[in-house]
Amino acid sequence: MQEYLLIILGTALVNNVVLVKFLGLCPFMGVSNKVDTAIGMGLATTFVLTLSAASSWLLERFLLEPFGIEFLRILTFILVIAAVVQFTEMAVKKISPVLYQVLGIFLPLITTNCAVLGVALLNIQEKNTFVESLLYGVGSALGFTLVMIIFAGLRERLSFADVPESFAGAPIGFVVAGLLSLAFMGFSGLSVQ
Amino acid sequence: MLTAIGSLTLLGLVLGGLLGIASKYLKVEGNPLVIEVEEMLPGSQCGQCGFPGCGPAAEALADGKADVTLCPPGGRALAADLAKKLSVEVDLTSMEEKEPAVAFVNEDLCIGCTRCFAQCPTDAFIGAPKQIHTVIGEICTSCEKCIDICPTECITMQPLEATVQTWHWPKPKERRLAA
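Quick mapping for you: the protein sequence lines, in order, are chains A and B.
Residue numbering for the first sequence follows this note's numbering, starting at 1 and increasing by one per position.
Residue numbering for the second sequence follows this note's numbering, starting at 1 and increasing by one per position.
One or more of the hints may lead you astray.
Stretch-level coverage of chain B by chain A, calculated; a stretch enters the list once three of its residues show a Cβ under 8 Å from a Cβ in chain A [stated by the list, open to error]:
#1 1-10
#2 21-35
A few chain A residues that don't get close to chain B, going by computed Cβ distances all over 10 Å [stated by the list, open to error]:
#3 Leu5
#4 Leu51
#5 Phe67
#6 Lys93
#7 Thr145
#8 Arg157
#9 Leu179
#10 Leu182
#11 Ala183
Honestly, the hints are just simulated from the structure, not real lab data.
A virtual CB, placed ideally from N, CA and C, is assigned to each residue, including glycine.
Please model the complete structure; the sequences and the hints are all you need to start from.
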């Protein structure tokens with residue numbers, strides 16, 4: 001039980017996908033102007049990341065390994081991720097039309113979020129078991145959501161700040177992202193993994 | 001080699017099949033009135049009504065938030081049909097009936113910038129960069145989106161010439177009889 005908790009904590013904070021592994025930077029910079037949209041994006045990504053981490057582990061174990069076709073790994077995983085995203089979009093549209101309206105274009109864009117593919121590949125690289133892969137996905141997604149919300153909050157504050165003209169907009173965003181990444185490096189002292 | 005091809009094909013078929021089944025079970029039934037209204041609209045997504053496309057316009061019409069006279073390409077005939085469908089009273093006399101027209105490129109002025117290509121909702125322009133463009137009259141819905149974007153102002157709307165198929169007797173002039 002404790003090791004599972006450590007996996008979640010480790011992937012969410014110590015090895016954060018965005019700020020330590022530098023994956024999934026496009027939504028991190030692109031959808032972080034408002035806290036509301038950042039939360040929505042984080043939730044949708046959480047769902048997709050968890051489901052695709054689990055299903056790609058199953059595919060690796062029961063399709064790619066037995067037939068010795070591991071060289072098709074990236075192709076297969078992208079296929080699965082695209083299908084999962086499509087399914088998520090349909091499910092969200094059916095279950096909660098309001099959330100579907102709020103997320104809008106961000107839902108299909110999760111397909112191209114490299115954090116999703118990155119987590120699936122890292123699971124294979126680290127030879128995780130099924131439950132570990134699932135928790136790895138959940139932890140990474142939680143870390144992604146946390147960072148999205150923190151960064152969106154920072155940027156909301158930043159829009160009122162008196163930023164020098166040459167730094168206004170994206171440049172100051174990148175500076176803040178760098179500082180946030182430095183701050184997250186402090187978590188490596190936890191040494192949970 | 002064969003296992004690779006076979007397994008990927010199988011995977012694609014299975015995922016596609018599952019998504020197909022899921023789309024059937026998770027189908028969202030929209031307002032049937034919205035779907036019917038959307039089918040009546042021209043469907044060229046020209047945006048002259050102020051909505052992003054015919055879909056949102058149909059939604060607004062069904063909700064009663066938009067006027068039935070909103071669609072310039074549809075003209076008076078569409079407004080009458082919509083009023084009947086939505087059972088609202090409408091004064092059609094105030095609606096200006098536009099002559100059927102198509103966009104026309106003045107070839108002396110066209111510089112081949114292709115900007116009108118991106119604007120046209122029905123892809124009625126043909127041509128290539130730095131080549132003179134022209135308009136396929138049958139596809140043009142005379143939405144006039146291309147007129148503002150042209151840097152040399154070479155696009156004009158020209159009334160359609162009557163052909164054997166489209167010519168009809170002119171309507172009798174309205175005469176006020178002295179009472």
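Checked hints:
no., hint, verdict
1, 1-10, "holds (count 4)"
2, 21-35, "holds (count 5)"
3, Leu5, "33 Å, holds"
4, Leu51, "13 Å, holds"
5, Phe67, "5 Å, violated"
6, Lys93, "6 Å, violated"
7, Thr145, "25 Å, holds"
8, Arg157, "32 Å, holds"
9, Leu179, "39 Å, holds"
10, Leu182, "41 Å, holds"
11, Ala183, "40 Å, holds"
Of the numbered hints given earlier, the model fails hints 5, 6; all others are met.
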